[in-house]
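Chains as they are written, first to last, in the numbering used here: chain Y, 259 to 377; chain G, 132 to 688; chain A, 701 to 1331.
Treat the hints with care, as some may be off.
Said to hold, decoys possible - Short, incomplete list of chain Y residues facing chain G, as computed with Cβ under 8 Å:
# : residue
1 : Thr286
2 : Val358
3 : Thr360
4 : Val361
5 : Ala366
6 : Tyr367
7 : Arg371
FYI, nobody ran anything at the bench for these hints, they're computed from the structure. From a predicted model like this one, the values you see are computed outputs, not experimental measurements. Quick reminder that beta carbons are idealized off the backbone N, C-alpha and C, glycines included.
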Amino acid sequence: MNAYAPILVLGGLGAGFAIFSVITASLTGPKRYNRAKLEAYECGIEPTPQPAGGGRFPIKYYLTAMLFIVFDIEIVFLYPWAVSFDALGLFGLVEMLLFVLTVFVAYAYVWRRGGLEWD
Amino acid sequence: MSATAVVHSLLTSAAATPAADRIPTPHIEYAQLSPVLIVLGTATVGVLAEAFLPRRSRYWAQLGITVVGLAAAFAAIIALAADGYATTRAHIAAMGAVAVDGPALFLQGTIVLIALVAAFTFAERRLDPVAHGNRVDSFAAQGSAVPGSPQEMKAVRAGFTTTEVFPLLLFAVGGMMIFPAANDLLTLFVSLEVFSLPLYLLCALARRRRLMSQEAAVKYFLLGAFSSAFLLFGIALLYGYAGTVAYTGTATAPGIAQVIDGSANLTPALANSTGNDALLLIGGAMVIMGLLFKVGAVPFHQWTPDVYQGAPTPVTGFMAAATKVAAFGALLRLLYVVLPGMRWDWRPVMWGVAIVTMVIGAIVAVTQTDVKRLLAYSSIAHAGFLLAGVIAVSPSGVSSVLFYLVAYSFVTLGGFAVVTLVRDAGGEATHLSKWAGLGRRSPLVAAVFAVFLLSFAGIPLTAGFAGKFAVFQAAAQAGAVPLVVIGVIASAIAAFFYIRVIVMMFFSEPQPDGPTVAIPSPLTSSAIAIGVVVTLVLGVAPQYFLDLAGKAGVFVR
Amino acid sequence: MDHLIGALVGAPLLGAAVLLLGGRRLDRIGHWVGTLLAAVSFALGVALFADMLSKDTGRRTFTSHLFTWVPVDSFRADVGFQLDQLSMTFVLLITGVGTLIHIYSIGYMAHDERRRRFFGYLNLFLAAMLLLVLANNYLLLYVGWEGVGLASYLLIGFWQHKPSAATAAKKAFIVNRVGDVGLSIAIMLLFTTFNSFSFSPVFGAVRDASGGRLTAIGLLLLLAACGKSAQVPLQSWLGDAMEGPTPVSALIHAATMVTAGVYLVTRSGAIFNASATAQLAVCVVGAVTLIFGAIVGCAKDDIKKALAGSTMSQIGYMMLAAGLGPVGYVFAIMHLVTHGFFKAGLFLGAGSVMHGMNDEVDMRKFGGLRGYMPVTFITFGLGYLAIIGFPGLSGFWTKDKIIEAAFAKGGGEGWVLGVVALIGAGVTAFYMTRVMLMTFFGEKRWQPDAQGHQPHPHESPKSMTVPMIILAFGSVFAGGLFSLNSSFLHWLEPVTGYSEGHSPLTAWQVSVATFVVLVVGAGLAWQQYGRKPVPAVAPRGSVLTRAARRDLLQDDFNHVVLVRGGEHLTRTLVHLDHSLVDGAVNGTAAGVGGVSARLRKVQNGFVRSYAVSMLGGAAVLVAATLLMRGI
């Protein structure tokens, strides 16, 4: 039990701070509403009226996001390999080339099938 | 200067620094992993073909690539088995991640053959009427087009087809092949995801009734993710208990099995956590739950009917057959290799699951009115029968389950292939009332379907009987007689609805607006023929295959 | 050589599979495929025969074990073959006559659009019949037994568009079921008594079994034999079975399948030898049938039905011989083989006549055909001489032996059986002479058929006459060949055993008596049908004639005793079934259905509720696991 005590304490402190901040802000802050405050903060899609018939967001958003994640994760794998390149030797190089090649297959597919074109 | 160093000096400025401490490179037995590597490599080639070949030549190219790849993988499996990897030379490859032994090779071979037959049904293009001058298969023209939208119309008119189904099939097969061979929990989880994700996609790609198909895929995805979470959580708990994710190991580098039976040299910190059996019990139960979801055992079965019904029928056939094989393989390995020391804990629980699965699968099937849902409930009941064999924890338990899986999967593939033939204006006519009098209109198709149903029901001289007999015998030998009694009662209930379909096909008047039976190409015909042949051969002369399964039924530890 | 036995059965089985599954694209070559595979099977049979001849007499039995179907404890359903002299004889008869009849059918069925299917069924029959005689255990024999029953059903009803054919097929099937039930119960009794299905362990242990059991088994086997071989009281189906195409009548309902009962009794000789009661029953059945069939044969105007009556009667002879025990087994089989030749020849001749006469079967509308169909006339005539037992021809050698053996049974029984057999020979001569005279002699009584076509009798094509000629050779010479140095006796004796009886009459006396009876029978027939013109419409005839025309009222008997009685029984049972059994069954079904409908509601299609039930299930599972441990 003792071993886990610091974690509990940390969690308690975090929760306490969050509650304290929210309550303090609501008590002390000035309340002047305007349009900008209702809009999404920094990122995300502008809230526009839905197209007729319910509609959907174009799939392009998702596609682009997914592609970003795929290549982002590739970087995540590349980075530690680059750092310990020396220690991994030839085996590491070959395996990493295989990995990159495989990701490039996906890239080639996306590129040829028009996944990179916005319109 | 080594090649590495040359590249290194080109890429980094750290060439001058002294060589860092070498990390020992892992040892990978590529030859022994070749069946899986061939399948995944073929899938990659398929993706490239999809990217660079012109649209018209893709279908034949993909079919060729898939068939060649699967055949090569099967040849590799046979070569490994012939080299004794299934028996005397069975061992654990890839740094303890993958087992190469009898059950693994047997199940991999089965999965590859299932995939080969399934690929034939995937490629069938003669059933749907020719649309705008193009022959079409069971899959959506363009998966991303909104159902009923102008884009979809455009895609259909242009004769698009989703030939990506073939690489997707291969990726799923690759994952399924690793699944029963996985020898640590992480490989288990990764392979689970590798085969699940393509399946989710395949489920969404039906050409007809697309909304239902997409709904099925979303349900399957959500519930699959939910069960993956259970599995992952269980893995974490087991790791917390044993300090390792490996199934087996040595005394100095123990696997979970060694930790459980107390033959491992434990560090003091670990010795502390192993004292806490709750971690082990909860973790083990949750990992088993993840697998039970995949086999469709009650109470994790509810996705089955909805997904089987919504998915394109060739995919349903593949999923019903191959997923069950892979998941039962993984379940067997987990229970027989990792948790045999805990069998006094998990056996009673699995008893309960098996009983509930058999009974609910059989009972609910009675009131089904849709052929695909009927077969889905039948697959749930069959999962229960298979669990009866799993519970035996004996060599005959393993061999009987292996045999049952082969018998069941080819019959299932054939059964769903027959379902694709019976069509009306809206595509497949799956409502049972439409099958009335099919025997009058198309005696051959009805007779073949009757053979499959009899095999499902377990009538002697069919594969289903031999399989059921084997698992019940194994269960009875292991002392689970009450389980066998309930199993037989459930079989009797199940026989009722199979026979009812047969009676309906042969002894009721055909409806005037009934469905037509499409004439399939040799692709589907051969899938159905293989199903019939396996049903009869395994039913008439099962002993050879039981012996084969018996020989292959020893897990490497 | 072991593999060849499998191939022997496999070749026609392959043919059946290819022809029945192959579909229309095989229509043009189907009959050749079927015939070729039958011939392959025959060639294999000959090869095995040559191999067997090269071995010592004592070492001529091969057994070959293919596989065991799910063994449990001592219950072993083996698929294994036993080839000895007895089965070898059958193999040669089945494949040899079978191949000839395949060839004949090429011509006979040339205008039938379902010819491919016909050959598929014929091949199926061959495979099943070979399985029946090659099985080394009763269970596999049963498979073959049912297989030939199926093939027979399919072939009798081959022209299913004719209601009479469909009815005849059904009748054959149902009557055979009665016999089959006997066989299945006999097999069950065998297993409980001897703990095995295989021939050799069973026959080896007969000594230790109780007499009552053996009698029961013997009588049940006899019941089975009665069904398959159309013996009284299960004889009624054979006449109607003539609705099938004539080659079928020749192969299945004359030469091979109907003799399966004789095979069964001979094969189970060890059991019958141990039970005098069962043996006597076999003799009685044989004797009654041989007279019964002969009388029916006298009255029929339909040429095929007359021959069918004759078949029944001749199998009666075989049964009688088989019932005599080791004295008669060899002669039963010997008569079976020669009968296979001449009866198949007679049927093929009848088919040839029908072929030339617009498918007319009424002999009263034939007459004077000998000049128009010389080959048919001569081959049919030789078959005729063989069957009545004209000295020197096949029937003479084999039938006389049976009559002799019947006398040799000794005592009052021997006299009764012998005299019956003797009278049977006379009646045989009468009805066969009648057939001969009405068909080939006298004035032409031809009449146009239903469409008004006047018949133009002509000789049949080569593919039909050649098999007839070959069979005629068999009819003439086979018997003499078998009797030369008692070669057949020495050949079969190691399997069936043989003991010389003590006949009160010498062989000469029997032969002379038989010949006298024969001449009297033939003379009477000539008196009635040769000297006077045959009326084109059957005269009313005596009470006996009218009864015989109606198959001695067998159907009426069956109707009154079995159908009426059965109806009463069924009505009672149906009532009980409705009130008691159905109540229970339907109650259970309704209960299951109700539970099912309720459980179905859980399947509401919402992912959220599925997830909740998964979560609940998970909680229960974890809790149960923990509870098991008592944590």
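Hints versus structure:
At its closest, the beta carbon of Y/Thr286 sits 41 Å from a beta carbon of chain G; the interface hint therefore is violated under the 8 Å criterion. Restraint check, Y/Val358 versus chain G: the minimum CB separation of about 13 Å is more than 8 Å; hint violated. With a least beta-carbon distance of about 7 Å to chain G, the hint placing Y/Thr360 at the interface is held under the 8 Å criterion. With 8 Å as the threshold, the beta carbon of Y/Val361 stays out of range of chain G, its nearest partner Cβ sitting at about 11 Å, so the hint is violated.
Hint status for Y/Ala366: holds, given a least beta-carbon distance of 5 Å to chain G, under 8 Å. Because the smallest distance between the Cβ of Y/Tyr367 and any Cβ of chain G comes to about 4 Å, under 8 Å, the interface hint for this residue holds. Nearest Cβ of chain G to the Cβ of Y/Arg371: about 7 Å, under the 8 Å cut. The hint holds.
Consistency with the previously given hints fails for numbers 1, 2, 4, ordered from lowest to highest.
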